Amino acid sequence: MNGNWLCIDTTGDILGVAVLSADGALLADLEQTAPRLHSSLLVPAIAEVLRLAGLAQEAIGQIAVNRGPGSYTGIRIGLAAAEAMGYALGIDVCGVPGLWASAASRSLEGLYAPALDARREDAFCALYEVPGRGLPLERLGPAMRPMRDFLDECRTLGQPVEVMGDAVDRHGEILRGYPFVRIGPSQMGAARLGRFAMRAREEALDDALSTAALYLRPPAAAAQRLDG
Amino acid sequence: MKDLLCLGVETSCDETAAAVLRQDGHLLGSVVASQIDLHEAFGGVVPEVAARRHLERIGPVVREALEQAGADYGDIGLVAVTRGPGLAGALMVGLSWAKAFAFARHVPLIGVNHVVAHAHAAYLEAEPSYPDLALVASGGHTDLLLLEGPTKVRVLGRSRDDAAGESFDKVARSLGLGYPGGPAIERIAGGGDPARAPLPRVGMFQGSLDFSFSGLKTAAQALRRQGLAPEDIAAAFQAAVFDQLWERAALALRQTGCSRLIFAGGVSANGYLRRRLDTALRREGRSLLVPPMDHTTDNAAMIARLGLTMYEAGLESAWDMGAEPVIHPFKP
Ligand SMILES: [Zn+2]
Numbered sequence: 569m570n571g572n573w574l575c576i577d578t579t580g581d582i583l584g585v586a587v588l589s590a591d592g593a594l595l596a597d598l599e600q601t602a603p604r605l606h607s608s609l610l611v612p613a614i615a616e617v618l619r620l621a622g623l624a625q626e627a628i629g630q631i632a633v634n635r636g637p638g639s640y641t642g643i644r645i646g647l648a649a650a651e652a653m654g655y656a657l658g659i660d661v662c663g664v665p666g667l668w669a670s671a672a673s674r675s676l677e678g679l680y681a682p683a684l685d686a687r688r689e690d691a692f693c694a695l696y697e698v699p700g701r702g703l704p705l706e707r708l709g710p711a712m713r714p715m716r717d718f719l720d721e722c723r724t725l726g727q728p729v730e731v732m733g734d735a736v737d738r739h740g741e742i743l744r745g746y747p748f749v750r751i752g753p754s755q756m757g758a759a760r761l762g763r764f765a766m767r768a769r770e771e772a773l774d775d776a777l778s779t780a781a782l783y784l785r786p787p788a789a790a791a792q793r794l795d796g
Numbered sequence: 351m352k353d354l355l356c357l358g359v360e361t362s363c364d365e366t367a368a369a370v371l372r373q374d375g376h377l378l379g380s381v382v383a384s385q386i387d388l389h390e391a392f393g394g395v396v397p398e399v400a401a402r403r404h405l406e407r408i409g410p411v412v413r414e415a416l417e418q419a420g421a422d423y424g425d426i427g428l429v430a431v432t433r434g435p436g437l438a439g440a441l442m443v444g445l446s447w448a449k450a451f452a453f454a455r456h457v458p459l460i461g462v463n464h465v466v467a468h469a470h471a472a473y474l475e476a477e478p479s480y481p482d483l484a485l486v487a488s489g490g491h492t493d494l495l496l497l498e499g500p501t502k503v504r505v506l507g508r509s510r511d512d513a514a515g516e517s518f519d520k521v522a523r524s525l526g527l528g529y530p531g532g533p534a535i536e537r538i539a540g541g542g543d544p545a546r547a548p549l550p551r552v553g554m555f556q557g558s559l560d561f562s563f564s565g566l567k568t569a570a571q572a573l574r575r576q577g578l579a580p581e582d583i584a585a586a587f588q589a590a591v592f593d594q595l596w597e598r599a600a601l602a603l604r605q606t607g608c609s610r611l612i613f614a615g616g617v618s619a620n621g622y623l624r625r626r627l628d629t630a631l632r633r634e635g636r637s638l639l640v641p642p643m644d645h646t647t648d649n650a651a652m653i654a655r656l657g658l659t660m661y662e663a664g665l666e667s668a669w670d671m672g673a674e675p676v677i678h679p680f681k682p
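Chains X and G are the protein sequences, given in the same order.
Position one of the first sequence corresponds to residue 569 (my numbering), numbered consecutively onward.
Position one of the second sequence corresponds to residue 351 (my numbering), numbered consecutively onward.
This is chain G alone, in the form it adopts within the complex (with noise of 0.2 Å):
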């Protein structure tokens, strides 16, 4: 009976994506239709350019997703779509399709929260074992949640400047390297030597988790103006980041005495940040769990997955629900 098929409709930033995942948790189709060349010529991603490209791409998108599921549109019994945060004009071109969609089909809607359902990506593989402590880092956001349940989430700490993604991006930029920057400083860093490059580690809040990442790029930046090596700069930056997280997360797993940690967006994708992570639990009895590869970054397989634990939950959106570009993560 665990047949109901559930779409996932995101388009919060700049990637336009569609998934089709089954209720017993088979991902039956995931498409993902990046805007990176786009946005590459302006520096950065456009809003307006991203929410023209949306509306071009969200009925392609969803279709090639149904047929990868080898699926029609009237198989679909749930529309699970991202409602925040976001780029306002990006989340409405979703959520407008997405509603509308499920009110032709008179199926149930469910507006996700994206930051949490990145932490629920980690779900397409494994089972839930609350309470459960998440990283999500990513270019838009660095949070610290305890998963306390399928719909309930407490934010324990969160970035006070830039995301640990925008950080990537912006040392990369710095040195030379491409965008998006975390694969570029990740493959120049395997060459470099950290204690050739010091940079500062940036303490804890007093009494908090926040994470903080804008003194690093800067740090990083003004070690490149002294001429030192790219590759000695990356490897340092990477350590201090993964310094900077795992101080934060190793005080979380104490305070809240989960046996595990979900590491997940983009950032995570980084497999120096991974093993690092991987040991240092290790070394505690605990275990760390990521998403799939491919699941890492924005997608909508993740939407499906939060919105079907949602609605098994007895949780269901309203027809007027609207997009919410600065949501935070406790709200569901």
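For reference, chain X alone in the conformation it holds in the complex (with noise of 0.2 Å):
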């Protein structure tokens, strides 16, 4: 595998796409906030992020997108946009687990609790470790649950954990009731999609990659409590 990564993250408020060399390094990225425009806005943030590394669409070789979860809308419009653009380049489209990537993203050993808002009090969460080397194990599997519910179950693990995601900005008030949690980064940015499929693709995790949606909710249920 070779060539440049493209990477998108439309499951957010904020539209993020960044452009990776082949050995990960950062060679430009954008992040707008621009909820409910991302079908709007994300071909033009391509053609910018492009523009800004210097680089045609053919020197694209892959690309990650963020699968989910989170926007249902915004899932799709990735998603959508990522095969397009492999299916036109003929190249391979990586679908990335948003919250393990999230969790990857972190380097010092520890719990690891990437948190979605899911509106009320839910949210889309996950609990991973992240060990000495490789990628963070999961210790609660990605599900939409209520953040307290989350978080009791956490606590049970009697360590400190890192809260992580818009679920910090959006569900700050909750968190602040549980003293063993510590307060981690609301935005992640698009890159660590890249490096994530690199790592997963390194440790032969490819199954990881598929580009099925990650809704984490059956569609009859999603369509009551989220319009996306």
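Hints were generated in silico from the structure; no laboratory data involved.
Here the structure is a predicted model, which is why all the values come from computation and not from measurement.
Ideal placement from N, C-alpha and C gives every residue a C-beta, glycine not left out.
Incorrect hints may have been included.
Okay, the calculated bits of chain G under chain X, using three or more residues with CB under 8 Å as the criterion [said to hold, decoys possible]:
(1) 401-412
(2) 437-449
If we take Cβ atoms under 8 Å as the criterion, some of the chain G residues that face chain X in the derived model are [as the list claims (entries may be wrong)]:
(3) V396
(4) E398
(5) Y423
(6) F453
(7) A454
(8) R455
(9) H456
(10) F555
(11) A630
(12) D670
(13) M671
(14) A673
Take the two lone chains, each set in its own frame, and fit them into one complex as the hints suggest.
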């Protein structure tokens, strides 16, 4: 595998696009706060990030895209665009599990809980253990659950947990009630998706990189709770 | 030199569709993946379910259309895609796919209006002769359009409540028939007598060519509750729909001086309505133009047809084009 990586994240309010070189160096990245405008702004953002990197479309060798969880519409916008570009350029598309990739962006050993607001008091969240080397290990699998239930479960582990992702902002009130919680970054950037894909490839975790959307909710329930 | 290939993409409601149309008018490939079975269980189209299925099908459907066309992704010179009206989440799947594909291939992109495209489906097999009058009737829309030029459309009338196809579905349901309702009603209406099921006629709204179908639907349901035979109600319902469509269309033809009527959209697959419109038009020395039968319901060939026409007229869409779930047909 070679060529530059185009990284796309449309699952949250922030539209993130980045270009990495084949060895993982960041060539350009762009973040725009654009809730509900991802379908309009994604292609212009890709054009801009390629311009910043001084690359043509054909210089993209691989695509990494956040396949969820997050906004359902956002997940689809990213996956549809990534699949179309992959097809049009004859290159591979890696669908990256967003929560896992967030945990993998942290290097210090410990427990990490990437959590995304799912409205009301719910979150899309998971708990990972970042080991000395290799990708994070799953301790509590990704699911949509009440933030408090999730934190109650984390507490039983008796260790500090770093919560990261937009739930840090959206559920700050709840988090303050749990002293073992450390507050991590609320935004991770699109580049982490490409870096995760590279590491998952090295460890031959190809299943993790399927392009199936990770909604974490069946459609009927999803239709009632979230319009994306 | 008319060998440009246009890829059409359509995901506005519950069909995932792609087509390849050559600039000389030859339709090389057209694939429609229906979701009817998926939504039947919910008793209607569930937007989130539709959008998820579009994402799963869009890639395979495009590949199949290209395969039919004997073409390769590198042969596509123009991409046309539905930008609205339709379900927002569904539209965004096709739009995101089409924009990214066109951008990656360095080819122009055209966003088209789905309702206007239904009318242009008639131009898959016939030449335009502007101004053309078009009656687009389907499960989602009932619009009387004046096609004044390749990119100029005027809405003369539209439904004030249910779409024509929607009323077929609702009446079919109250008669215990399956979904979709159009074919089911036509099937049993053949053995019915409209005179045995008196339905009200919907008069014209003052100074307007608008339609209304909800009263008709309610009246048909009431007749069913009175115990009238389903086949008689179906026959009377079809006749009343024809009367309303024709009354508006006939007036619009006189007002605009058009010599033919384009009848498009899923409801135009109804053989009874086609025959009666044809007869009525001939009596006035005018003619009926319908799309090919397999391109009356939602499809991407009509999207490619309108997209090519707009492109030839010098239009092109910008990369930041967004979905427009509620655009009106006069906006191209
Ligand atoms: Zn339609």
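_Restraint: F453 of chain G near chain X, CB-CB cut 8 Å. Satisfied or not?_
holds, 5 Å
Can H456 of chain G be said to touch chain X, with a Cβ gap under 8 Å?
-> holds, 7 Å
- Task: Against chain X, run the beta carbon of R455 of chain G and see if the smallest gap drops under 8 Å.
- Result: holds, 5 Å
| task | With chain X as the partner, please determine if M671 of chain G meets the hint condition of a C-beta pair closer than 8 Å. | result | Since the shortest Cβ distance to chain X is 7 Å, the answer is holds.
Closer than 8 Å, Cβ to Cβ, for at least three residues: run that test on the stretch 437-449 of chain G against chain X and report holds or violated. Answer holds; 10 residues pass the 8 Å Cβ test.
Task: Interface hint outcome for F555 of chain G [beta carbon to chain X under 8 Å] - done: Since the shortest Cβ distance to chain X is 34 Å, the answer is violated.
Worksheet item: Does Y423 of chain G pass the interface hint, meaning its C-beta sits closer than 8 Å to a C-beta of chain X?
Response: OK, holds: Y423 of chain G within 8 Å of chain X, min 6 Å.
Status of the V396 of chain G interface restraint (C-beta, 8 Å, chain X):
This interface hint holds because 6 Å falls under the 8 Å limit.
Identify whether the interface hint at A454 of chain G stands, where standing means a beta carbon of chain X within less than 8 Å of its own.
Holds - the Cβ of A454 of chain G comes within 8 Å of chain X, reaching about 4 Å at its closest.
_Hinted contact D670 of chain G with chain X - closest CB pair below 8 Å_ = holds, 5 Å
Task: When the least beta-carbon distance from A630 of chain G to chain X is tested against 8 Å, hint result - done: Constraint on A630 of chain G not satisfied, violated at 43 Å.
inquiry  = Please check whether the stretch 401-412 of chain G has three or more residues whose CB lies within less than 8 Å of a CB on chain X.
reply    = holds (count 7)
When each numbered hint is compared with the structure, violations occur for hints 10 and 11.
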